[in-house]
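**Student:** Listed below, chain by chain, are the residues.
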Amino acid sequence: MRAVISILSVMVLTVMMVVTAPALAHFGTITPSDDIVTQDDSKTLRLQVKFIHPMEMHYMEMVKPKQFGVVHDGKKTDLLASLKAAKGKSPDQTESFTFWTTDYKIRRPGDYTFYVEPTPYWEPAEDLFIVHYTKVCVNALGLEKGWDQPVGLETEIVPMTRPYGLWTGNLFTGQVLLKGKPVPFAEVEIEYLNESPGNISVVIPPADPYVTQVVKADANGVFSYAMPRAGWWGFAALNEADWKLKRDGKEKGVEIGAVYWVHTQDMK
Amino acid sequence: MKTLSHLFILVVVTLLLSGTALAHKVNVFAYVEAGKVYTESYFPDGSPVEGGKVLVYDSQNNLLLEGVTDKKGLFNFAVPKVDDLTIVIEATMGHKNSFKLKKAELEAGR
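Chain order of the listed sequences is R and H. Heads up: the first sequence at position 260 corresponds to 260 in the working numbering, and the numbers run straight through without jumps. Heads up: the second sequence at position 48 corresponds to 48 in the working numbering, and the numbers run straight through without jumps.
None of these hints come from the bench; they were simulated from the model. Given the structure is predicted, the values throughout are model-derived calculations rather than measurements. Glycine included, each C-beta is placed from N, C-alpha and C at the ideal position. Any given hint might turn out to be false.
If we take Cβ atoms under 10 Å as the criterion, some of the chain R residues that face chain H in the derived model are [what the hints assert, rightly or not]:
{"#": "1", "residue": "R107"}
{"#": "2", "residue": "L143"}
{"#": "3", "residue": "E144"}
My request is simple: use the sequences and hints to build the entire structure.
**Tutor:** In structure tokens, the structure reads:
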């Protein structure tokens, strides 16, 4: 019965996707195996770095990122060389796509902010390149320090809500920065990661606007969103870069996204 | 009437104090380097637990040694025994937490 339901939901989702094709939003993702490391937890995190449509679970091909690292106690550590290629796909994709994975050992208490700068992705449908600067924060051993500090990426979301230990329904507030300065009235897209571990059933959006939630920041680039389900939530603030990239001899625009991921859990 | 308002102030002050205390969960972290155990005791915001009592137990729950954290929340000691150790921090007002330092880590840090 369960299998029938899941096949059915995949079929419904597939139909939905064909219908909702233009609404797809791209998201860079970093998902760690744990977002709060306590004494009794494994100190080795498994991190997955992907370029996907989180709600539809579609993978896109991701070449090796330009930068991948972690900030802990104000110190940056380059982890690019540790990335290993892996393959993945959604239940309805026939082809598998490359994503990246690594194991990282937590050695000290404090917040660990992992960040990635992907290699520009060419999107023919939008006639532009996409670069999503993506971050996620993991807390270790009771020291809640570091999460509110920017990494110093070209564009990034700096959390104003502590980004771990969040209940389902909590409000997440962040500030959008571009070259270190707030982006007034930035548009922020929000999606639920349907492949979140522990997600009890695939969410099937009843109409296009449910796939990607959209909020606008205030004059200080500050936005908020209340997350209605347990699992991983992605926030993407999109801006156009003031630089171009060449494609077949022609200059093309670059969409730079500041992406941040947080995890919520149901109150039980 | 005056007594009442004094009582009210007392209640408010008590609430304020206890509120702060509740949010101040203590933590202790330990690691081994060159035959020495280094402990760090801290509150969630990173401020050190100063003058906290550190108690070190072996796997049979025997107290091996004790000490007091310094201004930076630190207390160090030579490896007392290669065993699974439990390091307990006792701060003021009954705040307490512990850290398990595994035998393997003590062996690796010799």
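**Student:** The structure should be examined with respect to each hint, and the outcome stated for every one.
**Tutor:** Each hint, compared with the structure:
{"no.": "1", "hint": "R107", "result": "holds, 8 Å"}
{"no.": "2", "hint": "L143", "result": "holds, 6 Å"}
{"no.": "3", "hint": "E144", "result": "holds, 4 Å"}
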